[in-house]
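Chains as they are written, first to last, in our numbering: chain P, 1 to 123; chain C, 1 to 123.
Be careful, since some hints might not be right.
The list treats identical chains as one, so a pair stands whether inside a single copy or across any two.
Below, a list of computed lysine-lysine pairs in the BS3-like style, where the Cα atoms sit at most 27 Å apart [as the list claims (entries may be wrong)]:
1. Lys109 / Lys86
2. Lys55 / Lys88
3. Lys104 / Lys3
4. Lys86 / Lys69
5. Lys109 / Lys55
6. Lys7 / Lys88
7. Lys9 / Lys109
8. Lys69 / Lys104
9. Lys55 / Lys101
10. Lys9 / Lys104
11. Lys55 / Lys86
12. Lys3 / Lys69
13. Lys88 / Lys9
Because the hints were derived from the structure by calculation, they are not lab data.
There are 2 protein chains.
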Amino acid sequence: MRKTIAKTKILELITRSNTNLSHADIKNLLPDGLCDRVTIYRVLDRLLQEGLIHKVVNIDGVVNYASCKNCEVEHSHNHMHFSCEKCKSVTCLDDINPSFKLPKGYAVKEINFVLSGVCPSCS
Amino acid sequence: MRKTIAKTKILELITRSNTNLSHADIKNLLPDGLCDRVTIYRVLDRLLQEGLIHKVVNIDGVVNYASCKNCEVEHSHNHMHFSCEKCKSVTCLDDINPSFKLPKGYAVKEINFVLSGVCPSCS
DNA sequence: TTATTTTAGCAACATTGTTGCAATAATAAA
DNA sequence: TTTATTATTGCAACAATGTTGCTAAAATAA
Numbered sequence: 001m002r003k004t005i006a007k008t009k010i011l012e013l014i015t016r017s018n019t020n021l022s023h024a025d026i027k028n029l030l031p032d033g034l035c036d037r038v039t040i041y042r043v044l045d046r047l048l049q050e051g052l053i054h055k056v057v058n059i060d061g062v063v064n065y066a067s068c069k070n071c072e073v074e075h076s077h078n079h080m081h082f083s084c085e086k087c088k089s090v091t092c093l094d095d096i097n098p099s100f101k102l103p104k105g106y107a108v109k110e111i112n113f114v115l116s117g118v119c120p121s122c123s
Numbered sequence: 001m002r003k004t005i006a007k008t009k010i011l012e013l014i015t016r017s018n019t020n021l022s023h024a025d026i027k028n029l030l031p032d033g034l035c036d037r038v039t040i041y042r043v044l045d046r047l048l049q050e051g052l053i054h055k056v057v058n059i060d061g062v063v064n065y066a067s068c069k070n071c072e073v074e075h076s077h078n079h080m081h082f083s084c085e086k087c088k089s090v091t092c093l094d095d096i097n098p099s100f101k102l103p104k105g106y107a108v109k110e111i112n113f114v115l116s117g118v119c120p121s122c123s
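Full structure from sequences and hints, please.
This is the structure we're talking about:
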């Protein structure tokens, strides 16, 4: 996979942001005309494939992207996410790993935990 | 809120189904021409408002609707959901309530827990 | 039965995401 | 450095999904 301007800039955005970013966020944050919106979709797919970012589906169905911080060790995204209805931010609560016990027979491949409400900064 | 054919049929579908249903599922399951797709959206909104159903956002962003079984007591939808990538079913795991501890300052209003993988019937 | 108000249907529109194809840019090879 | 190879981009077109406004129809209250 090749290193391109779009890819570099998008990864930079996601990495530097302390909240998770949606496709729309990224489109707005990128310098106007840097790349087409289709390119953003494709770059995000590549970054996911390469394991540089992970995605969270928000409570409203919008996909948000976050950099993989603790994934150097292993790719587990079983941490909680919080979506604030006031400031609209979506954040990874990296240290909150809900515990649960499944009946036998379930093979889990993906996890998506989201809470919605008001975040500490907004309350 | 009024009782209409569409509302009755849609609630019936959701209640009788042992998997959660998306808007598309409902559209397909309803007798052809029973109502417009816009009506389905509006009926679902009303059923949600009345607390007769709850919704789960699947790992692919698709909203699925489920009847409220244990909600006569209190409306808490903190149970797990499972999305099978083979049979495409989304189900409520009513008895699985993940436990987690949030830092102070978070006010939780909605919960969306989804696991994806292969369900017991498909493995 | 009539009056009132919600609900349905339809058309139009907005948003979001996908695909095919030719042009372009990044990398490998010479 | 130059050329060849192949991934990536932009654009247009399309599909799917969800929303809104308006009028007609249906459900409930009077």
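Cross-check of the supplied hints:
1. Lys109 / Lys86: between (32 Å within a copy, 12 Å between copies)
2. Lys55 / Lys88: both (17 Å within a copy, 20 Å between copies)
3. Lys104 / Lys3: neither (43 Å within a copy, 41 Å between copies)
4. Lys86 / Lys69: within (26 Å within a copy, 31 Å between copies)
5. Lys109 / Lys55: both (14 Å within a copy, 22 Å between copies)
6. Lys7 / Lys88: For Lys7 and Lys88, the Cα distance is within 27 Å only inside one copy (25 Å; across copies 32 Å).
7. Lys9 / Lys109: neither (30 Å within a copy, 35 Å between copies)
8. Lys69 / Lys104: between (31 Å within a copy, 23 Å between copies)
9. Lys55 / Lys101: The answer is both: 24 Å in one copy and 22 Å across copies each meet 27 Å.
10. Lys9 / Lys104: neither (44 Å within a copy, 35 Å between copies)
11. Lys55 / Lys86: both (21 Å within a copy, 21 Å between copies)
12. Lys3 / Lys69: Answer is within; shortest intra-copy Cα gap is 20 Å, inter-copy 51 Å.
13. Lys88 / Lys9: within (23 Å within a copy, 36 Å between copies)
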